[in-house]
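Visitor: Input sequences plus hints: build the corresponding full structure.
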Amino acid sequence: MDATLHKQSFWSKYIFSTDHKVIGMQYAIMGIIMAGVGGFLAYVFRYNLAYPNASIPLFGHLSATQYNAFVTCHGMIMVFWVGMPVLLSALGNLLIPLMIGTDDMAFPTVNMLSFWIFFLSAVVLLASFFVPGGAFGGGWTMYPPFSAGGYVNHNPHFFTALFSGVSLMILAVALELVAMLMGGINFVVTTINKRTKGMTAFRVPIVVWFINIASVIFMFSVGPLVAGAFMLLFDNILGTGFYDPARGGDPMLWEHLFWFFGHPEVYVLLLPALGVLAEILPVFARKPLFGYKPIIYMALVSAVLSVLVWAHHQFVAGIDPRMATFFSIGTILISIPFAGIFLSFMATLWKGSIKFSVPMMWVLGFIGLFLIGGLTGLFLGSNTFDIYAHDTYFVVAHFHYTLFPDIFFGFFAAIYYWFPKFTGKSLNAGLGKLHFWLTFFAFNVTWFVLFFNGLAGQHRRINDYSDFSLIMREPYITFEKIATISAIILILSQFIFLYNLFTSLAKAKKGVKNPWESNTLEWVADSPPPHGNFQTYPVVYHGPYEYSLPGEGADFLPQNVQGKNDTNNVTQNNYEHKTATSFATHK
Amino acid sequence: MSTKQQHLSLPINKVPEGRLGMWVLIAGELVIFGGLIATYLQYRLRYPQWSEMAAHTSTLIGAINTVVLLCSSYTIVRAHEAAQHRDIPKVLTWMTCTIAGGLIFLVDKSIEYYHEISEGFTFTSPHLQQAGDHVNSLFWSFYYIMTGLHGTHVLVGIIVMFIIMMQVRKGKNLHRVELAGMYWHMVDLIWIFLFPLLYIAK
Amino acid sequence: METVTHNNDNAIFPDAEHDYHGHPHYTRILLTLLALLSVSLLVGYLVSPGLAIILIFGTAIWKTALVMRNFMHLKYEPLLVFIVIASVLLILFAFFFGVYPDITAVPLDVTKPH
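Chains as they are written, first to last, in my numbering: chain A, 1 to 587; chain B, 588 to 789; chain C, 790 to 903.
You may find that some hints are simply not true.
To be verified - Between beta-carbon pairs, the in silico distance windows are: (1) N155/A <-> I872/C: 40 to 50 Å; (2) I850/C <-> T536/A: 43 to 53 Å; (3) T536/A <-> R756/B: 32 to 42 Å; (4) H643/B <-> P294/A: 54 to 64 Å; (5) P813/C <-> P713/B: 46 to 56 Å; (6) H643/B <-> F16/A: 48 to 58 Å; (7) P896/C <-> P713/B: 21 to 31 Å; (8) P713/B <-> T893/C: 42 to 52 Å; (9) R673/B <-> V301/A: 42 to 52 Å.
Derived from the structure by calculation, the hints contain no laboratory data. It should be emphasised that the depicted structure is a prediction, and the values quoted were computed from it without experimental measurement. From the three backbone atoms N, C-alpha and C, an ideal C-beta is built for every residue, glycine too.
Guide: In C-alpha cells:
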C-alpha cells in the first residue's frame, strides 16, 4: 500500500504519468488550451462578420479562405478538442476511480497512451494551419466534395495530398477518436470491475453512470466513421472515388457515416455534463436526488434512441422523404427522456434549502440555457421547419445554446466544485460569481439576437453580407454588431477565471477534505488525493445522495458511513473475487 | 439493499479485467469493420455488375487463407489451453504455429495482390477509369481497403503475439495468451465475412 | 477496514480449480468449421445462385457463432458480454437500413457516370 513512497522523477510524475488524476489534469489543461485557440478563432471571424473588411485587432485582415478555415476549425476544435477531452476524458479520469473507491484505472498504461495520442492529434490539427493552402475550410462536417480532392485530381501526388489541410484534419480526427476509444475501454472496465466493497451498480454516482453510457455510445457509433474517414483519406491521397458520384461513389454516404457518429456525439458531450449537474444539485439543495434510477433508465433510453435519429442533420441533403419522417419522429421522441432527466433535476430543487454557491450558479445557468437550446431543437427536429431554417444562424444559435452550456457551464461547474478536492486549495468565490454573471449575460446577448438573424435568413457560411440586401438592413446589422461585441466580452471574461485559477493555485494548501459536505467517495480521500487515492479502501453502505435524512445527526451521510437504516451485510461484489483468486489483480 | 441489486452487480464482475477490456475492444473493432462491410454491401447491391469484378479475385487463394486462419485460430486456442496448465513449451509451440499461420496468410495475400496489380486492378485501377468503367474501379477500391485493413490487423496480431511469446518464454503474463487469442479470433471472424463478400458471392 | 492485495506484476495464473471457463473440444470445432467452409465453397457449383447466397452467408454466420462461442469462450461469459456484442450488431443493422434508401435504393440514373 505504500504507493506514496515511490520515488518518481518529474517526468514520470507529471508528464508520462500513469496516475489517473494527472492524466485527467493533462486532459483538462489541454482542453483549456484548445478552448483558447477555438475562442480566438471565434473572435476573429465574429469581428469580421460585424465589420467586414476591417483590420481585426491582434490579427489583421481576414481573407474569405481564412474565414472558412477559421469557422471550420472553430467547430472541430470546440467539439473534438475541447468538449471531448474536458467532459469525457478529464472528468472520467479524475472522477471514476475516486468515486467508485479504487486506486487507479484498470489499464493505467493504456490511459497514458490515450492522452499522448490525443496530444499528437491536437498537434496534427494545429499543424494543418501551417501547410500550403492553410487549414481545411469546408465546414466541420467535412462533406465531400469540399473534402474529397479526388473529384478534381484523380491522380494526386501522395505527399502533397497528405500534407494538405483536409488530410491532416482527417488524420487528427482519426487519432483523436483512437485516443477516446482507449479512454472509453478504460472507463467501462474500471467501473465494472474495480468498484470497492459495497459499491453496487445502483450505488454508483450518476456522473460515473453517465460517463460510462457516453463512452459506450461513443465506442459503438464511431466505427462507421472510422471506416468512412479511411475512405475519405484515400479519396484525397490516392485518388479513389468512394464519394465521387462521377465515379460510382456517393457523397451522401459520407453524410450518413459522419452523422451516424455525429449525432450520438451530441449525447456523448451532453451526458457527462448532466452527470455533473446530478452530483452538484443534491449537494447544494441538501436533498436526495429525485429519481435516481429513473434518471439512469432515461439516459439508457436516450442512448438507444441516439443512434436511430442521425439523419435529421440531412433533411435538405436529399434523403428519402419517408425516412425523413421516421427521423423527425425519432428526434422529437428523444426529447422525452431528456425532459424527464431535467424534470428530475427541477424536482430535486423543489423545497430544497438551496445554497447559491459558485458551482450551483453554473448548474442553474446550465439548466436555464439548455431549456432554450432544447426547445429550439424541437422545432428543428421537425422536417418541415428544418428545411426552412437549415444552415441559418437559427441552427447555429440553437446548437450554441445546447453545446455552450453543456461544455463550458458543465466544465466550470465541475471545476469550481472539484477544485478544492484536486488541489487542496479553494477558488475565490467572489471572482467566481463575477465570472459566472459576465459569462451568462454575454453568452445570452451574443446568441439570443442571432436567432432573429437566422430567421431573417442569415446563412452560416458567408463571410461578407454586403451583397445580401435582406441581411444588410436594420435591425440585423446592429444585431450582428451586438453579438460580436458581446462575444468579445464573453471571451475576455474568461480571463477572470484564469486569473482566479492561477492566484488560487499560488495560495497555500489547506487540504479541507469535504468543503461542500458531500456524500460521494472522492470526498473521503485526502485533498489532493495521493498516488493510490485511499489509505484504506472505503466500504460503501448506501447510495450517493443521502442528504437531510430524518434521524441522522448531520444533514449528509457519506457513502462510507453506516446510517441507521443501512444493514450490516454489504453486498458482495468483485472485491472478494479479486482477493480470493488473484485472477483479476494482474494487469 | 435488495436481492435484485445483488443480482445486477454479480454477473458482470465475474469477467476478469483483461477479458472484459478485450471484449469492449472487439466490440469497437467490429463496428469499424461492420461499418465498412455495411458500406460495401450498399454499393454491392447497387451495382450488380460488380460480380464480374469479383470473378477476378482468386477463390483458391481466398479459400486457402480461410483454412489457414481457421487453423491458426485453433492453434492459439490450444496455446491458451496449455497456458492454463502452465505448460510453457507447449504454449510456445502452439503460438509459433499461430504466428506461422499469420505469416502464411500475409504471403498468400501478397501473391494475390501481385496477380491483381499485374492485371491492372489497383486501388484506383487506372485502366478501368480510362475506359470509363468508374463503377468497377470502385469495386477494387473497396477490395483493397477491406483486405488491406484486415491485413493490417493480421500484421498487428502477429507483432502482439510475438511480444507476448517473449514474455511467456520468461514465464510471465501467461494470461495474455488468451487476450491475444481473442484478438486473433476477431481477425478470423472478420475474414469469415470478407471471404464470401469479396470472393465467393458472384 | 480491509486492505487490498496490490497487483502482482508477476502474473499468477489461476489453478485448474479457479479456472475462469471450461474448454470445449477444440479439434471437433475446427473440423466442423472446415466442413462448413467446404460447404460454402461447393454450394456455388451445386445449387441456384439465390439459394447459394443464402447458404454461403448462413454458413458464415454459423462459423462465426462457433468461433465466438467456443474459441472466444463466449458461452461461458455472463449475459452482459453477449448483450454488448449483440447490440453492436443491432447498431450496424440500424445503420444499414437507415442508409439503404439513400445509397442502394436510389434511382440509378441520378448517379450514372457521364
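Visitor: Against each hint, give a clear statement of whether it holds in the structure.
Guide: Outcome of the hint check:
1. N155/A <-> I872/C: 40 to 50 Å: 47 Å Cβ-Cβ, so the 40 to 50 Å window holds.
2. I850/C <-> T536/A: 43 to 53 Å: Hint holds: Cβ distance 51 Å, inside 43 to 53 Å.
3. T536/A <-> R756/B: 32 to 42 Å: Holds, since T536/A and R756/B (Cβ atoms, about 39 Å apart) stay within the stated range.
4. H643/B <-> P294/A: 54 to 64 Å: Taking Cβ atoms as reference, H643/B and P294/A lie about 57 Å apart, which means the hint holds.
5. P813/C <-> P713/B: 46 to 56 Å: holds, 50 Å
6. H643/B <-> F16/A: 48 to 58 Å: holds, 49 Å
7. P896/C <-> P713/B: 21 to 31 Å: For P896/C and P713/B the Cβ distance comes to about 29 Å; the hint holds.
8. P713/B <-> T893/C: 42 to 52 Å: Since the Cβ atoms of P713/B and T893/C sit about 27 Å apart, the hinted range of 42 to 52 Å is violated.
9. R673/B <-> V301/A: 42 to 52 Å: For R673/B and V301/A the Cβ distance comes to about 47 Å; the hint holds.
In the structure shown, a violation is registered for the earlier hint numbered 8 alone.
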